[in-house]
Each structure stands twice: as C-alpha cells, then as structure tokens.
Amino acid sequence: MMRIGKLRLYLETTVFNYYFDTDRDGHEDVVRLFEAIGAGRYEGYASWYVTDELREAPEPKRSAMLSLIEQYGIAVLESTSEAARLAEIYLKTEIIPSSYRLDSLHVAAASVYKLDCVVSYNFQHINRDKTRILTTNVNNTEGYGGVVICTAKEVLRHEQPDI
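85 is the number that our numbering gives to position 66 of the sequence shown; each next residue is one higher, with no gaps.
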C-alpha cells in the first residue's frame with residue numbers, strides 16, 4: 020500500500036546500468052533519480068541480489084556501479100527466506116520465466132520489505148503489464164500489498180506531475 024510521504028524505492032540492477040549508459044533513453048531520468056535520493060527526497064534501496072549482479076560486471080564498470088550505493092546512500096536489503104518463497108510463487112505461476120529467478124527475487128524483496136516501487140528498465144521480465152498485474156494479485160493473496168513497478172521518469176512525476 021502506498022504511504023503518503025517519501026517514496027521508498029527499490030532500484031533494480033538495470034537502474035545502475037542506465038546511470039552510466041548515456042546512449043539509453045532514461046539515462047538522464049536515472050541520474051536525476053539518484054540525485055533526488057541523495058538529496059533525501061526519496062529513500063533508495065537495493066538488495067543483496069542487486070549487489071551480487073553488479074559484482075558480475077567487468078571492471079571498471081563494476082566499481083563505478085557499486086560506488087553509487089555509498090555515494091547516494093542506497094540501503095542494501097538482506098536476502099530473506101520470505102522473499103525467496105514469494106519469488107518461487109512468481110516463478111511457479113509463470114509471472115516471470117523460471118530461468119530468470121533473480122528477476123523474481125527483485126520484485127519479491129521489494130514486496131516483502133513493503134517498499135512502494137520497483138524502479139526497473141527490465142522491460143522483458145519485470146517492468147511489463149503481466150508482471151505488474153499478476154504480482155499485485157499474488158502479493159494480495161499472500162498478505163503483501165501491491166508494489167508499483169515503474170521507470171525513473173514515472174517516479175519523478177511524483178514531484179513534477181507535468182513531466
């Protein structure tokens with residue numbers, strides 16, 4: 020359930036990539052989002068799943084992406100058996116393909132920690148209509164509130180509705 024006040028944002032791995040990928044649509048929005056988090060307008064979160072994926076990137080990009088966590092005060096959430104259980108439900112119900120378990124863990128972690136939004140540029144498995152609708156259904160059935168899945172630009176509209 021959305022709270023009034025500061026949005027609590029889960030930054031999925033693609034967001035860290037977009038920060039440095041200047042040719043991507045969305046790059047400028049991602050930079051602005053990180054700056055807004057650093058300024059305290061939003062609470063930023065990643066998870067162990069994100070840091071694990073970032074560590075797989077080649078240097079020097081790996082260090083640069085990981086440095087964003089400290090630079091902007093992103094809190095890193097621990098993995099939990101509860102998130103793993105919820106992710107398994109997403110996979111068993113084919114909301115997210117079983118070969119993309121980490122993608123299901125991102126949404127599950129945000130749900131279990133009751134964050135407001137998953138910010139993602141993974142349009143293949145996470146930020147798509149099927150995932151948005153069906154994860155909300157599963158979350159409600161399992162006793163979690165829905166979690167909004169969106170891009171940085173959509174989050175920034177929270178501050179500036181005319182974007």
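Treat the hints as calculated values from the structure; they're not laboratory data. Each residue gets a CB set at the ideal place from its N, CA and C atoms; glycine is no exception. Please note: incorrect hints may appear among the correct ones.
Said to hold, decoys possible - Restraint-style ranges between C-beta atoms, simulated for each label pair: (1) E101 <-> L153: 13 to 21 Å; (2) L121 <-> S86: 30 to 38 Å; (3) E54 <-> F142: 32 to 40 Å; (4) E161 <-> S86: 15 to 23 Å; (5) E78 <-> N159: 41 to 49 Å.
Said to hold, decoys possible - Straight-line Cα separation of at most 16 Å, EDC-like style, residue types lysine to aspartate or glutamate; simulated pairs: (6) K111 <-> E161; (7) K133 <-> E89; (8) K172 <-> D44; (9) K172 <-> E47; (10) K25 <-> E62; (11) K149 <-> E113; (12) K133 <-> E178; (13) K25 <-> E161; (14) K133 <-> E62; (15) K25 <-> E173; (16) K133 <-> E161; (17) K80 <-> E107; (18) K25 <-> E54; (19) K172 <-> E54.
Restraint check for K149 with E113, where alpha carbons must lie at most 16 Å apart = Measuring from Cα to Cα gives roughly 10 Å; hence the hint holds.
Given pair status - E54, K25, alpha carbons within 16 Å = holds, 15 Å
Within a Cα-Cα threshold of 16 Å, do K25 and E161 meet the stated pairing?
-> violated, 25 Å
Pair hint K25 and E173, alpha-carbon separation not exceeding 16 Å = holds, 15 Å
Below or equal to 16 Å on CA atoms is what counts here, so check K172 against E47.
-> holds, 9 Å
Keeping to a limit of 16 Å between CA atoms, is the pair of K133 and E178 held or broken?
-> At roughly 21 Å apart (the allowed maximum being 16 Å), E178 and K133 break the hint.
Holds or violated: are the alpha carbons of K133 and E89 at most 16 Å from each other?
-> violated, 22 Å
Range hint compliance [Cβ, L121 to S86, 30 to 38 Å] | violated, 21 Å
Within 16 Å, alpha carbon to alpha carbon, are K172 and E54?
-> Holds - the C-alpha atoms of E54 and K172 are around 13 Å apart, at most 16 Å.
Go ahead and decide if the range 32 to 40 Å is satisfied by the Cβ distance of E54 to F142.
-> violated, 24 Å
For the pair we were handed, K25 and E62, check the Cα-Cα distance against 16 Å.
-> Judged against 16 Å, a Cα distance of about 7 Å means the pair holds.
Given the range 15 to 23 Å, decide if the beta-carbon distance of E161 to S86 lies inside it.
-> With a Cβ separation near 35 Å, E161 and S86 fall outside 15 to 23 Å, so the hint is violated.
Violated hints for the displayed structure, listed by number in ascending order: 2, 3, 4, 7, 12, 13 and 17.
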